[in-house]
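The residues making up each chain are set out below.
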Amino acid sequence: MTEMDETLQARLAPAAPDAEEAAALTRLQAVLARRAVDEDLLDVAYRDLDTPLGRLLLAATPAGLVRVAFPVEDADAVLDSLADQVSPRVLRAPGRLDEVARELDEYFAGRRHAFDVPVDLQLARGFRRAVLEKLVDVPYARTVSYAELAARTGSPRAVRAVGTACALNPVPLVVPCHRVVRSDGTPGSYRGGPDAKRRLLALEAAA
Amino acid sequence: MSLPPFEHVVADHAAVVLRVCRALLPLPDAEDAAAETFLAALRAYPRLRPDSDVRAWLVTIAHRKAIDVHRVRARSAVPLAELPERPTAPVDPLPDSTLWDAVRDLPEKQRGAVAYHYVADLPYAEVGALMGTSEAAARRNAADGVRALRRRYPGTTTQEES
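Chains as they are written, first to last, in the numbering used here: chain B, 1 to 207; chain Y, 1001 to 1162.
Hint data in this document are derived by calculation from the structure and do not stem from the laboratory.
Where hints are given, some of them may not hold.
Just a sample of chain B residues kept apart from chain Y, beta carbon distances all over 12 Å, derived [as the list claims (entries may be wrong)]:
{"#": "1", "residue": "ARG11"}
{"#": "2", "residue": "GLN29"}
{"#": "3", "residue": "PRO52"}
{"#": "4", "residue": "GLU99"}
{"#": "5", "residue": "ARG112"}
{"#": "6", "residue": "ASP120"}
{"#": "7", "residue": "ALA124"}
{"#": "8", "residue": "ALA130"}
{"#": "9", "residue": "ALA141"}
{"#": "10", "residue": "ARG142"}
{"#": "11", "residue": "GLY154"}
{"#": "12", "residue": "ALA158"}
{"#": "13", "residue": "VAL159"}
{"#": "14", "residue": "THR164"}
{"#": "15", "residue": "LEU168"}
Partner residues aside, some chain B positions facing chain Y, computed with beta carbon under 8 Å [unchecked claim]:
{"#": "16", "residue": "ALA13"}
{"#": "17", "residue": "PRO17"}
{"#": "18", "residue": "GLU21"}
{"#": "19", "residue": "ALA24"}
{"#": "20", "residue": "ARG89"}
Ideal Cβ placement from N, Cα and C applies to all residues, glycine included.
Okay, chain Y solo, but in the shape it has when bound:
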């Protein structure tokens, strides 16, 4: 059994990785983190066991990249504030931006549990392993996160009332 071309990995999982990054980070940090995730994955890819769960592997990398971005931001919060605007092209507003905004506003444990379980579809045991909590705590965090989203995300409220 051999590894498929990396292009297949990108085609199959880019949307999930991008959504996870958006759930964890503001734009355009999210797109940068998604690119960093695939770059790191490409670097390690030839050593990946062919029977690995590729989606879980990518989400684990994205989780670490998001922590890196948070860490860099925390460390350089003041200097960053003084830097000029990024020279990148303006990013169109997300149609669903209120949803991702609401996810990002969740407390860290809930945000991670929602991103890894509801966005990336990882089982609670893996979500717990990723976040350093028990499976039960991961389940609880995801449930709390979803409950909070239900309250804050206007689109869902509308659905609920219809």
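Same shape as in the complex, but just chain B:
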């Protein structure tokens, strides 16, 4: 290929978009996200949310909030697993998560004590799901022990399984697994890290 052909080819297929093309790509993504919602093709919408615990990843199906991921989780791995377990039709589409983001902002500001957004618990099945459904009833600023939650789920001996259900809670914060503590009162482990759990308990105790 001649030098001139290379120049022409570089113009037809530049390595990186220029400013104008970048703007067109942003428009394209916005149109795609909107039309995907309109045409019922967006199985998983996601967005970021900056919070005092760092940048959270929020994901929702048409049924409701399906995943809240902490900064300690690898966002790409979380999205890969959503594509695998829910649907590969995954798009960044902030609109569908505006209400969730607003309620979480209010929660971190201490102004919201309960969440009203619909939750999709499809990533937790069987006993794990039963535990999370009981967990929703634990009110703001109150805690429950793993043993007590096991008893409430009707399986008082399944304390370890309750711990696993909390550790794998796909929608932490909104389903408040941070309110489940050890029988001796110490916080115990948390998907977002033990420090995040302490901070959430302190936030709720202060309100």
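Dock chain Y against the given chain B, drawing on the hints supplied.
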């Protein structure tokens, strides 16, 4: 092996799809066609084989969407002329608009061959399959197209002389 999130497909290939659409269609038809391409791709995505060539798949869809737009325009040329201006925001002129204008002015076979080979980087065999020609004809069309562009596109002439 499972399919990656569709967002990755958009991030990796949106620029190529948009360029192919611009090579084939005037603005803002090109942006509409690019959006239609990704929407159609999103619809079919869960059935895509994970080892597929995603770029070739998207370019094939864009090729069909561009034909649809040409067909609609041909069919409704008169009524369209009477319609009021589109209510969309004005689109800034392309810095490289003379290049895309020049590509769009090429005869259909050359335009397609240039778009699919030089813009989308598909091998000539796939370009031929897409356009219903042989691999050799695709190669010839792309070469003729590039030769014509070299003559018509001022930027390239400057490069050539420098």
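- Violated hints - listed by number, lowest first: Numbers 1, 2, in rising order.
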